[in-house]
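Novice: So the protein sequences, as listed, match chains A and B.
The working numbering applies: residue 38 is where the first sequence begins, and numbers increase by one.
The working numbering applies: residue 10 is where the second sequence begins, and numbers increase by one.
Watch out, some of these pointers could steer you wrong.
Claimed, not checked - Capping the alpha-carbon separation at 20 Å, the derived lysine to any residue pairs in SDA-like fashion look like this:
#, chain 1, residue 1, chain 2, residue 2
1, B, K223, A, A162
2, B, K223, A, P160
3, B, K118, B, S160
4, B, K223, A, A207
5, B, K170, B, V128
6, B, K170, B, Y102
7, B, K223, A, G410
8, B, K118, B, S177
9, B, K223, A, V171
10, B, K118, B, V95
11, B, K223, B, W183
12, B, K170, B, S147
13, B, K223, A, R159
14, B, K170, B, E158
15, B, K170, B, A225
16, B, K170, A, V147
17, B, K118, B, G133
18, B, K223, B, T205
19, B, K170, A, A92
20, B, K223, A, D206
21, B, K170, A, D206
22, B, K223, A, A494
23, B, K223, A, L166
24, B, K118, B, V131
25, B, K223, B, V128
26, B, K170, B, R64
27, B, K223, A, V147
28, B, K223, A, T191
29, B, K118, B, A182
30, B, K118, B, V128
31, B, K223, B, G164
32, B, K170, B, L192
33, B, K223, B, E122
34, B, K223, A, V339
35, B, K170, A, A207
36, B, K170, A, S242
37, B, K118, B, G93
38, B, K170, B, S181
39, B, K170, B, D189
Treat the hints as calculated values from the structure; they're not laboratory data.
Below, each chain spelled out in residue letters.
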Amino acid sequence: MTQVVRCGDEPRLGGSGDGVSNVTELCRDPARLHQVVPDGGPVVLHLHPGQTARAEVQRALRRAGVDPLGAQTLETAPDIADDYVDVALAALAARAEAFEGALPEQAKPVHPREMTRRGLLRPPAPEYLAAPAVDHGRCRSVDGCRACVDACPTAAYRRIQGRIVYDMDACQPCGVCVTTCPVGAITNPACTPVMLNAHIRTLVSAAVDPPGVRFVCAERRDRTPVADRFDVEVACNGMLTGAMVIAALAIGVGEVEIPGCTDQGCPRGLDAKSSGAMDLAAAALRAAGYEIISSERSVQPVSPLPAAPPSPFDREGATETMVALFADSETRGLDHPLAPLGNVTIEASACTLCTQCAQTCPTGALAFRHTEGEVVLSFDPLLCTNCGQCVSACPEADQGAITLVGGVFPNLLSGGRQELNRGPVLSCERCGRPIAPGRMMDRVRELLGPEFEGTMAHLERRCLDCRGL
Amino acid sequence: MTEWAELARTRQGLFRYMSGALSVPSTEHFEALSNAYAFLDERGLDSFSFFLEWRRHGDHYPVDERDGRLDVEYVRLFASGVSGAVSPPIESYYRSPIKGGESASFLAKLTREYASMGVRTVGGEAPDHVSTEMEVMSVLCAREAESWEASDQVGALRALKQQHRFLSSHLSAWVPQFHDRTLAADPLPYYRDLSTLTHALVIHETHFVPTLAKAATR
Numbered sequence: 038m039t040q041v042v043r044c045g046d047e048p049r050l051g052g053s054g055d056g057v058s059n060v061t062e063l064c065r066d067p068a069r070l071h072q073v074v075p076d077g078g079p080v081v082l083h084l085h086p087g088q089t090a091r092a093e094v095q096r097a098l099r100r101a102g103v104d105p106l107g108a109q110t111l112e113t114a115p116d117i118a119d120d121y122v123d124v125a126l127a128a129l130a131a132r133a134e135a136f137e138g139a140l141p142e143q144a145k146p147v148h149p150r151e152m153t154r155r156g157l158l159r160p161p162a163p164e165y166l167a168a169p170a171v172d173h174g175r176c177r178s179v180d181g182c183r184a185c186v187d188a189c190p191t192a193a194y195r196r197i198q199g200r201i202v203y204d205m206d207a208c209q210p211c212g213v214c215v216t217t218c219p220v221g222a223i224t225n226p227a228c229t230p231v232m233l234n235a236h237i238r239t240l241v242s243a244a245v246d247p248p249g250v251r252f253v254c255a256e257r258r259d260r261t262p263v264a265d266r267f268d269v270e271v272a273c274n275g276m277l278t279g280a281m282v283i284a285a286l287a288i289g290v291g292e293v294e295i296p297g298c299t300d301q302g303c304p305r306g307l308d309a310k311s312s313g314a315m316d317l318a319a320a321a322l323r324a325a326g327y328e329i330i331s332s333e334r335s336v337q338p339v340s341p342l343p344a345a346p347p348s349p350f351d352r353e354g355a356t357e358t359m360v361a362l363f364a365d366s367e368t369r370g371l372d373h374p375l376a377p378l379g380n381v382t383i384e385a386s387a388c389t390l391c392t393q394c395a396q397t398c399p400t401g402a403l404a405f406r407h408t409e410g411e412v413v414l415s416f417d418p419l420l421c422t423n424c425g426q427c428v429s430a431c432p433e434a435d436q437g438a439i440t441l442v443g444g445v446f447p448n449l450l451s452g453g454r455q456e457l458n459r460g461p462v463l464s465c466e467r468c469g470r471p472i473a474p475g476r477m478m479d480r481v482r483e484l485l486g487p488e489f490e491g492t493m494a495h496l497e498r499r500c501l502d503c504r505g506l
Numbered sequence: 010m011t012e013w014a015e016l017a018r019t020r021q022g023l024f025r026y027m028s029g030a031l032s033v034p035s036t037e038h039f040e041a042l043s044n045a046y047a048f049l050d051e052r053g054l055d056s057f058s059f060f061l062e063w064r065r066h067g068d069h070y071p072v073d074e075r076d077g078r079l080d081v082e083y084v085r086l087f088a089s090g091v092s093g094a095v096s097p098p099i100e101s102y103y104r105s106p107i108k109g110g111e112s113a114s115f116l117a118k119l120t121r122e123y124a125s126m127g128v129r130t131v132g133g134e135a136p137d138h139v140s141t142e143m144e145v146m147s148v149l150c151a152r153e154a155e156s157w158e159a160s161d162q163v164g165a166l167r168a169l170k171q172q173h174r175f176l177s178s179h180l181s182a183w184v185p186q187f188h189d190r191t192l193a194a195d196p197l198p199y200y201r202d203l204s205t206l207t208h209a210l211v212i213h214e215t216h217f218v219p220t221l222a223k224a225a226t227r
């Protein structure tokens, strides 16, 4: 069970129940945590705002056998109502319990930006940020996917010889890679879909009325709780997607807000991404026929949404949430560049059926198969994540061979896998095995010019294995 | 500069400890390690992210050296066997898998690299054994500490740069594979937790040393 540890003398009379301990002057001396958490386990700290250095809290948690990346902290002023605190603590306890552990490579050491005079004589204690890690078993970079490389605002990812290489020193853990990866191969241990789900579901079940939720950046330290909103911490608001906003509303949240980080905007320059997420959520709700009250930074549905799927914050959950939203809708759907779904169309006259798009597609939305003397390219809109890797991979993209439109299109979603293009495949005159699509060879001939006609004729007759025979 | 020197001395001791823990166990081995562990445990290691792995490893002390099972396990995992060690703790095994000349050229290059840093290995394990490489890190940390003690910031930063280069071009390039291989061999808990600590320490230090150098130059 989660240990909730409060700084102060007064035992709580609220409804937090067992597992709540009070430690006198915990904010001043976090090492006292050891008195009440001797054996590790999930922990939530309830501290006074802005009094305790993060490095000191992390150190005390480690000494108590707790991984600081999984521990949760609530900082509230004394005048905040008890029932608010109880709901917030219960939700953070659920989030702490959903922590699945962190790898050594997911702890990024940083030293505080502000150097004290004492720091000149003494090395400052490091604090650790939760950093992403790539599951190379799930990553599809070997097929050509480079979605994280393209999305990372600090160039922390490179693709070298088909493998994603991550540079922790360059990374400022914002989580954009986590929500961009089409196959969910990148995780941030402090902000997993499971933790967000547990946190928000508990808020909804513990609060009397549908609660308001404010997504807040983990790096924003000066936040003050607002009476009608519960904070849900994410690595950076730039990692949020429109599907995540709708997921929170579908769970039962009354209103979602994505505030700006500071008056100067997001220090990582990701304001456009967070406002884009809110824009998508509002546009999708309107397109699906729901009445909403919205602003640039918040959205509130007037009528209830369809129930959220069991895990709405992962990639599959995002698709399910959007599909459910439009299930009873009679509209044509939604066009939006940030949608978690998309539609691919092929211009048959420009496509050579080289199948690069299908080979690169990380989710298998685009696929190809060989039939009797033909290659067939097909598309399943339910698997598409609008990642754009197919367009990047297409050698004929500038000829308009492939088009990807982000959006939710109910009429397509119900249609299953559909054929996009087909064409003949040349067969080896010796062994009969396929050589290459005929249109692709035509395109190669066109690019090489007439002086290679003899070579082309040879390449079109025999497969790679039979050419030397 | 005293506390910067103290931190360097703690890291020197930590790498020295790891070098000892990863070398062949002897009669006095575990008692000496246990004493060293108790000493280091009081030196503020809880500031670092590998502290949980450090504590898990420390839970095995005191080790009963008369048991003898750990000696046998060390040999099975890291030293030899009918078909060789299960998880060789040597860099060339992972980074130059073609045995023979290739491995010799790797070792020669590493020895030249040590010489360029003013380090020479004498006897004991091979130059690319994990125990030797930990000892080299310990020497580099000692240099950093001496520089801080002499108020020589330039020398300390040079030592930190050498540490970073050695960690990123050697230890972090193969210890993760070594760790995976050790875990796959179903080791006794003592060596399982030692391998986990080694991995966590190497990953931590690879990222920590540059941030330390950055903080020292402010």
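Novice: Check the structure against each numbered hint from earlier and tell me which ones fail, lowest number first.
Specialist: 3, 6, 7, 9, 10, 11, 18, 19, 22, 25, 26, 32, 33, 34, 36, 37 and 39
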